[in-house]
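The residues making up each chain are set out below.
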Amino acid sequence: MLRALWTSASGMEAQQTNLDVISHNIANVNTVGFKRSRANFEDLIYQDVRDPGVLSSTQNRVPAGIQIGLGVKVSDVAKMFSQGSLIKTDNPLDLAIQGDGFFKIEMPDGSEAFTRAGNFQLDNEGYIVNPEGYRLSPNIQISAPETVISISVSPNGKVVVVRNSGGQQTTEEVGDIKLYRFMNQAGLKAIGQNLFKYTEASGEPIEGDPNTDGFGKITQGFLEASNVNIVEEMVNLIVAQRAYEVNSKGIITADEMLRTVSTLKS
Amino acid sequence: MAVNFQPIYILASGGSRAVDQLDTITNNISNANTSGFKKILMREMSQKIPENVGQTGDLLVFPRFRDTHVINSQGTLIKTDNPLDLAIEGEGFFQVETNVGRFYTRNGHLFINNEGFLVDQNGGYVLDTNEQRIKLNTNGRIDITTKGEIYQNGQLVATLRVVNLQNLQPVGNSYYNGQEQPTQKYSIRQGFLEGSNINIVKEMVEMINSHRRFDIYMNLAKSLDQLEGRLNEIGKA
Chain A
1 MLRALWTSAS GMEAQQTNLD VISHNIANVN TVGFKRSRAN FEDLIYQDVR DPGVLSSTQN
61 RVPAGIQIGL GVKVSDVAKM FSQGSLIKTD NPLDLAIQGD GFFKIEMPDG SEAFTRAGNF
121 QLDNEGYIVN PEGYRLSPNI QISAPETVIS ISVSPNGKVV VVRNSGGQQT TEEVGDIKLY
181 RFMNQAGLKA IGQNLFKYTE ASGEPIEGDP NTDGFGKITQ GFLEASNVNI VEEMVNLIVA
241 QRAYEVNSKG IITADEMLRT VSTLKS
Chain B
1 MAVNFQPIYI LASGGSRAVD QLDTITNNIS NANTSGFKKI LMREMSQKIP ENVGQTGDLL
61 VFPRFRDTHV INSQGTLIKT DNPLDLAIEG EGFFQVETNV GRFYTRNGHL FINNEGFLVD
121 QNGGYVLDTN EQRIKLNTNG RIDITTKGEI YQNGQLVATL RVVNLQNLQP VGNSYYNGQE
181 QPTQKYSIRQ GFLEGSNINI VKEMVEMINS HRRFDIYMNL AKSLDQLEGR LNEIGKA
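One line per chain: the protein sequences are A and B, in this order. Taking the working numbering, the leading residue of the first sequence gets 1, the next gets one more, and so forth. Taking the working numbering, the leading residue of the second sequence gets 1, the next gets one more, and so forth.
None of these hints come from the bench; they were simulated from the model. Among the hints, erroneous ones may be present.
Claimed, not checked - With a straight-line cut-off of 27 Å between C-alpha atoms, the simulated DSSO-like cross-links for lysine-lysine are: (1) B:K79 to A:K73; (2) A:K104 to A:K197; (3) A:K73 to B:K202; (4) A:K79 to B:K79; (5) B:K135 to A:K249; (6) A:K217 to A:K189; (7) B:K202 to A:K249; (8) A:K265 to B:K222; (9) A:K104 to A:K178; (10) B:K147 to A:K189; (11) B:K135 to A:K197; (12) A:K189 to B:K79; (13) A:K178 to A:K189; (14) A:K178 to A:K73; (15) A:K158 to A:K197; (16) B:K185 to B:K79; (17) A:K104 to A:K73; (18) A:K189 to A:K104; (19) A:K73 to A:K217; (20) B:K147 to B:K185; (21) B:K147 to B:K79; (22) B:K135 to A:K79.
Build out the structure end to end from the sequences listed, making use of the hints.
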């Protein structure tokens, strides 16, 4: 059968994956802390019909070989960790990271996950939790929430509450928010719910204080929007669709050639 | 045999070339979105068979494959804003060390691996001008100049090795082989990837061309076969 059939099929398959990635990005255009992905491709192996440098006659060597490529594959779907824009919410527990770093979240099974989504809340015990109710790690507990007038988070992660107890205002430091980063951010594994897990490819998390050693600073009252650029995604969508179409024409052509062969002997 | 079958064989080999042409074109098309991919052109030649004197003399000429040629023209630059996406504008290839040897690539979609080395998407190590692996720090932004000098926190860490190649051979996985040649005619763009240099319109035209060409050969072969059939009918009593 014609190589072109499978080559074109590999092209269609790659574009399908591309479309999946783009539509996932578009679907998350308003997701807090979401990082867009990009599908990358590379060519498949080549069939050496004739190696370069072989003898074409007793004296002559062919200067170049004949190599027929067998199509394309998706090499990786890489997350782009560029900064998303900040949206003002005025909610004291909405925290955005400006720069590098992730918040650490304690999963219900005891494992760790990392996120850029800083839409935190207080749970019934006064712990700072994410919208799923998973605690921020290291844990920060604000006791007696009914006496709290305000919560402030400084750019370097210090959480301070102002209380009104018995008509007297007191300030109390309740904890430090730490940030984490990785040797290779692109190696993080997205597990949904805006969370990432570290892998062997990303390396172990490196802990640090916000606004020091290259870690980003924490901005209170803001959320980091997704870094999806909808115009770019729409353009990518058009490119993917056209590429899919053209690849399908390759299959049609190969099929028609085979039909010609099959009607050769009438 | 009444009919000379030589033309049928020539047409068959022509049809086979048209199929090879389609294979090459579909490979180009399927890689239309592959970073750093270079168009492959199938070149043909004719081969005279002097020993094959036959009834029609020395005139018989077979179409033949000559080689596949890599068209090394500049691809379009695509903005990605990823600091580790590098595109080469002008001549040249990055050198990459893999566990099966050293290759060259124009696909500058790079990463820092868990040990801090600069690697490509297949995990191959990108080499500097001393042909050494490039180790980067865990923190601090990476700035790469147009000449390939990698700066981190204001310090020069390494310079990317960029060489031009002659007699390009595609290897797959975005890699190429060839003969190294020094070059200065390049400029590295950080935050961009080089798209493939496929012109989809040309490829579509070439695809139609190979298709029609194939049809012509096959129709002619069919006509020759029918001619032979007629001769058999004449021979019938």
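Checked hints:
1. Distance restraint check for K79 (chain B) and K73 (chain A): the Cα-Cα separation of roughly 21 Å lies within the 27 Å cut-off, and the hinted pair is therefore satisfied.
2. The suggested pairing of K104 (chain A) with K197 (chain A) holds, with an alpha-carbon distance near 10 Å, which does not exceed 27 Å.
3. In summary, the hint linking K73 (chain A) to K202 (chain B) is supported, as the alpha carbons are separated by about 23 Å, within the 27 Å threshold.
4. A hinted pair counts as satisfied when its Cα atoms are at most 27 Å apart, and K79 (chain A) with K79 (chain B) qualifies at roughly 15 Å.
5. Restraint check for K135 (chain B) and K249 (chain A): not satisfied, since their Cα atoms lie roughly 45 Å apart, outside the 27 Å limit.
6. Note on K217 (chain A) and K189 (chain A): the hinted pairing holds, with a Cα-Cα distance of about 24 Å set against a maximum of 27 Å.
7. The suggested pairing of K202 (chain B) with K249 (chain A) holds, with an alpha-carbon distance near 14 Å, which does not exceed 27 Å.
8. A hinted pair counts as satisfied when its Cα atoms are at most 27 Å apart, and K265 (chain A) with K222 (chain B) qualifies at roughly 7 Å.
9. At roughly 8 Å between alpha-carbon atoms, K104 (chain A) and K178 (chain A) fall within 27 Å of each other, so this suggested pair holds.
10. At most 27 Å may separate the alpha-carbon atoms for a hinted pair to count; K147 (chain B) and K189 (chain A) exceed this at roughly 34 Å.
11. For the hint linking K135 (chain B) to K197 (chain A), the alpha-carbon distance of about 24 Å falls within 27 Å, and the restraint holds.
12. For the suggested pair K189 (chain A) and K79 (chain B), the alpha carbons sit about 24 Å apart, so the restraint of at most 27 Å is met.
13. A distance of roughly 20 Å separates the Cα atoms of K178 (chain A) and K189 (chain A); the hinted pair therefore holds under the 27 Å criterion.
14. Distance hint between K178 (chain A) and K73 (chain A) is unfulfilled; the C-alpha atoms sit about 39 Å from each other, more than 27 Å.
15. In summary, the hint linking K158 (chain A) to K197 (chain A) is supported, as the alpha carbons are separated by about 25 Å, within the 27 Å threshold.
16. Distance check on the hinted pair: K185 (chain B) and K79 (chain B) sit about 21 Å apart at the alpha-carbon level, within 27 Å; holds.
17. Proximity of K104 (chain A) to K73 (chain A) is assessed by CA-CA distance (about 34 Å); at most 27 Å being required, the pair is judged violated.
18. Distance check on the hinted pair: K189 (chain A) and K104 (chain A) sit about 14 Å apart at the alpha-carbon level, within 27 Å; holds.
19. Proximity of K73 (chain A) to K217 (chain A) is assessed by CA-CA distance (about 39 Å); at most 27 Å being required, the pair is judged violated.
20. Among the hinted pairs, K147 (chain B) with K185 (chain B) is consistent with the structure: their alpha-carbon atoms are about 10 Å apart, no more than 27 Å.
21. At roughly 19 Å between alpha-carbon atoms, K147 (chain B) and K79 (chain B) fall within 27 Å of each other, so this suggested pair holds.
22. Our distance criterion of 27 Å between C-alpha atoms is met by K135 (chain B) and K79 (chain A), whose separation comes to about 22 Å.
The structure fails hints 5, 10, 14, 17 and 19 (numbered hints given earlier, in ascending order).
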